[in-house]
Structures are given as C-alpha cells and as structure tokens.
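Visitor: Please build the complex by placing chain E on the supplied structure of chain V, with the hints as guidance.
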Amino acid sequence: MFKKFNSKDDIHSRTNVKSSVQRGLKSKLIEQFPKLDHVIDEIIPKKGQLVVIKCTDRLSLYAMDNEVLFYQQFDDPFVPSLRLVHKFPEYFPSVKVDRGAIKFILSGANIMCPGLTSKGAALPDENFPAGTVVAIFAEGKETALAVGKLTMDTDEIKKVNKGMGIEVGTYLGDGLWSLELE
Amino acid sequence: MAEEGSKSLSVIYCGVCTFPPEYCEFGGTLQKCKDWLKDEHPSVFEQLYSEDALAKAAEGLSLEKQEKIEREIQKLQAKEANRAEKELQKKLASKVVVKRVERSKRKHVIVVSGLEVFGIDPKKLAKTFASKFATGASVTKNVEGKDEIVIQGDVGDEVEEYVSTLLEEKGLDSVKVERTEDKPKKKSQS
Numbered sequence: 001m002f003k004k005f006n007s008k009d010d011i012h013s014r015t016n017v018k019s020s021v022q023r024g025l026k027s028k029l030i031e032q033f034p035k036l037d038h039v040i041d042e043i044i045p046k047k048g049q050l051v052v053i054k055c056t057d058r059l060s061l062y063a064m065d066n067e068v069l070f071y072q073q074f075d076d077p078f079v080p081s082l083r084l085v086h087k088f089p090e091y092f093p094s095v096k097v098d099r100g101a102i103k104f105i106l107s108g109a110n111i112m113c114p115g116l117t118s119k120g121a122a123l124p125d126e127n128f129p130a131g132t133v134v135a136i137f138a139e140g141k142e143t144a145l146a147v148g149k150l151t152m153d154t155d156e157i158k159k160v161n162k163g164m165g166i167e168v169g170t171y172l173g174d175g176l177w178s179l180e181l182e
Numbered sequence: 001m002a003e004e005g006s007k008s009l010s011v012i013y014c015g016v017c018t019f020p021p022e023y024c025e026f027g028g029t030l031q032k033c034k035d036w037l038k039d040e041h042p043s044v045f046e047q048l049y050s051e052d053a054l055a056k057a058a059e060g061l062s063l064e065k066q067e068k069i070e071r072e073i074q075k076l077q078a079k080e081a082n083r084a085e086k087e088l089q090k091k092l093a094s095k096v097v098v099k100r101v102e103r104s105k106r107k108h109v110i111v112v113s114g115l116e117v118f119g120i121d122p123k124k125l126a127k128t129f130a131s132k133f134a135t136g137a138s139v140t141k142n143v144e145g146k147d148e149i150v151i152q153g154d155v156g157d158e159v160e161e162y163v164s165t166l167l168e169e170k171g172l173d174s175v176k177v178e179r180t181e182d183k184p185k186k187k188s189q190s
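So the protein lines, in turn, are chains V and E.
According to the UniProt record's numbering, the first sequence is numbered sequentially starting from 1.
According to the UniProt record's numbering, the second sequence is numbered sequentially starting from 1.
In case anyone wonders, no lab produced these hints; they're calculated from the structure.
Please read these numbers as outputs of a predicted model, since none were measured by experiment.
Treat the hints with care, as some may be off.
Here are some chain V residues pointing at chain E (derived, C-beta under 10 Å) [as the list claims (entries may be wrong)]:
1. D10
2. K46
3. G140
4. T143
In silico lysine-lysine, BS3-like type, Cα no more than 25 Å apart, as pairs [claimed, not checked]:
5. E:K68 to V:K141
6. V:K8 to E:K91
7. E:K91 to E:K123
8. V:K141 to E:K32
9. E:K68 to V:K8
10. E:K7 to E:K90
11. V:K3 to E:K146
12. V:K119 to E:K68
13. V:K3 to E:K176
14. E:K7 to V:K4
15. E:K79 to V:K3
16. V:K4 to E:K91
17. E:K86 to E:K7
18. E:K7 to V:K35
19. V:K4 to E:K75
20. V:K3 to E:K90
21. V:K35 to V:K47
22. E:K124 to V:K96
23. V:K8 to E:K38
24. E:K124 to E:K91
25. V:K141 to V:K96
26. V:K141 to E:K176
27. E:K123 to E:K170
28. V:K47 to V:K96
29. V:K103 to E:K86
30. V:K141 to E:K170
31. E:K68 to V:K4
32. E:K124 to V:K4
33. V:K8 to E:K7
Using N, Cα and C, we set each Cβ at its ideal position, and we do this for glycine too.
Isolated chain V, as found in the complex (with noise of 0.2 Å):
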C-alpha cells in the first residue's frame, strides 16, 4: 500500500486528536490487539499528544512525536508501522515466512499460502480469523519484515495451501517506512 508514498503528494492534513477520542482510539487498539495492554500506556502515554494524518484514499496516519505508530484506512482494523512492530515484536500476532518469498515481499508482493506452509516457514497453532493484523517475521531472522492483514483463516492456508494468505500493508523500506515527518 505504501509502494509509492511520499509526504509531498500525498499528505492533506495533520490535526491533533482530541483526548476523549484518543481514549476511544486506545481502547479500541486494546481490543484489536489483546496483548497490547501491557504496554499501550508507553506506545501512546496519557500527556502525549497524538496526530492525525490524512493522506489519499481515506488513510489516516496516527503520529507521536514525528514517529507513526498506526495507519487505518476507511474504516479497517488499525495496522501498526513496522517500526513499532520492531520495538514491541511480542505483542502483535505473527506469522513466519519461507527465505525465499523476502525477495517478492521488500518489493511489495501479497503472500501467497505455499510462503507460509514451507519448510522454512512457521504459521501459529492456534487458528487467527481472516482479516486479523498480523507481523511478518522471516525464516532465519529477527526483526520482522512486514505487517499485513489475513486473506484466510491460518488453518484454512494450512488445509488449502493455494491462493493469496496475507495482504502486506507495509513492509521494510516503503513509503511508510521512509517516511520522513517534520
């Protein structure tokens, strides 16, 4: 989504959020990501002051401090930038892919399911509903490489194993992740 992205076109406006909305916002990233509570009061602290960026296309950015830390478009579940998935990787769900679809990703391509049922790759035992916000890791490394949405149910991409898994939001070196705020 953030393939060609950049601060001159495609920003229209920042406005601060209000605190009764930023309420709203925290908790309702507490429901979409269960794990978040432990940490939320540090991702986005009470006195803080949160930015709302409208960009084309009906995507907000939701900014501290010059630095993202969720994007939502329409009215989605919210997605977090990669660079909070890096400072906070547990909290998210996430899945694992096969070394040889990093390639297809930093260039911006979905997953397809055989990328998450290979070898190298590594789905969770548990059962994530399509639609869920999961992070991207990768087979060998660290620090995740992507932050997409789930096409299908992950025991569906198991059964089935054909088609596209996860749509990638952003992922490593796009225009969300280059992107520079004054």
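Guide: Leaving out everything else, chain E in the frame of chain V:
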C-alpha cells in the same frame, strides 16, 4: 507498576540502507553496509558475518542454492550502484537557472528554477529568501510543471551567491548557477 524499565526493544538500523542489519543483503548496498556495521557495531557484525554465523546460515542450503543467492546479491548490488550513478550524473548535469524578469519599467523579479533535482524544499527555501532579502518570495509552477521560486526585487547577485553556498554545503559544488535575463541579451556566468 512493578517494573521500572520500558518494555520496548531498541533495534539497530543500518546507517547505509536503514534496514535492520540482517536484511542488508536485500538492500543492494551490502558491501557498504558491512563496512558500516564493522565500524559502528562490531559485535553485531561478528554475530551476522562471522565464519560460524555464515556457516550456520548456509547449513540448510545446498551448494547450488548458496551460489544462486550469492549471484542474486551481486546482481542487486550492481543494479543499485548503476542507479546511484545515473542519479548522480543527472544531478551534476542539471543546472540552476537564475532569471531576471521585468515586471514593469523599473521593477524586476528574480525567478530561480531547477532546484528540484537537488532535494531542496522549495517552500522552505522561498521563506528563507523572503526573510533574507526582506522581500516577498513565492513558489509557483512554470509551463513545464516544474517548481519555480519567484523573488520580488532585483536581488539576482545575492541569490546566486546564496544558492552556490547552499549547493556547496550539500556537496554539489560542481553544479552551474546560470544567470539569464528575460530579454534577448543573455548573461551566462558560472
């Protein structure tokens, strides 16, 4: 709260390609990345590129797969190097044009164009000009769709000086700053 410290992990990012060091091989600047890592974070360098680390990583892969990966990395690097070269050439070949345009009989404006390639923010630069020369400055788009900075008054000399120093600071001092007038008589200085 029971714990004092923060729960966040601090990740090291490569100074050359901005990726975490383990992904440097996909960035196309592996050699430079390795050199940087050796200087800045020797312990991580040891972890990733030492003899045993490489052997362990190569364990699962057959010989031809290893070679394939090697070749791919080389190709990526060559492509990146080419791209960087071309961009640099473009930058050096382009010039900054400082044009003096007549607004009315006694009044002139200075139009500065061709600054886009250098990654300079035209709005910020216009503001700097405005405060520096105590006059109005704005950014407009010209016929070709390129950004231009229009400065009121006949401040061409100062502008040329300022722009040359600005380019020098960025390291692009071989770029020409061309002075022209909007009349048939042209004055070119570099």
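Visitor: Starting from K3 of chain V, check that the Cα of K176 of chain E is at most 25 Å away, please.
Guide: Between K3 of chain V and K176 of chain E the Cα gap is close to 34 Å, so the pair fails against 25 Å, i.e. violated.
Visitor: Does K8 of chain V lie within 25 Å of K68 of chain E when you go C-alpha to C-alpha?
Guide: violated (39 Å)
Visitor: Between the alpha carbons of K141 of chain V and K96 of chain V, is the straight-line distance 25 Å or under?
Guide: holds (9 Å)
Visitor: Holds or violated: are the alpha carbons of K124 of chain E and K4 of chain V at most 25 Å from each other?
Guide: Distance ~23 Å between K124 of chain E and K4 of chain V Cα, so the pair holds.
Visitor: Is the straight-line distance between the alpha-carbon of K8 of chain V and that of K91 of chain E 25 Å or less?
Guide: Holds: K8 of chain V and K91 of chain E sit about 20 Å apart, inside 25 Å.
Visitor: K141 of chain V and K170 of chain E: Cα distance at most 25 Å?
Guide: Answer violated: K141 of chain V to K170 of chain E is near 36 Å, above 25 Å.
Visitor: Next pair to validate is K35 of chain V with K47 of chain V; report whether the Cα-Cα distance is within 25 Å.
Guide: holds (22 Å)
Visitor: Is the hinted pair K124 of chain E and K91 of chain E satisfied, with a Cα-Cα distance of at most 25 Å?
Guide: Holds, at about 20 Å.
Visitor: Next pair to validate is K8 of chain V with K38 of chain E; report whether the Cα-Cα distance is within 25 Å.
Guide: Given pair K8 of chain V, K38 of chain E is violated - Cα atoms ~36 Å apart, limit 25 Å.
Visitor: Going straight from one Cα to the other, do K86 of chain E and K7 of chain E come out at no more than 25 Å?
Guide: Violated, because 44 Å separates the two Cα atoms, which is more than 25 Å.
Visitor: Given the proposed pairing of K119 of chain V with K68 of chain E, does the C-alpha separation stay at or below 25 Å?
Guide: holds (19 Å)
Visitor: Given the hinted pair K141 of chain V and K176 of chain E, is their Cα-Cα distance within 25 Å?
Guide: violated (47 Å)
Hint violations for this structure: numbers 1, 2, 9, 10, 13, 14, 17, 22, 23, 26, 28, 30, 31, 33, all remaining hints satisfied.
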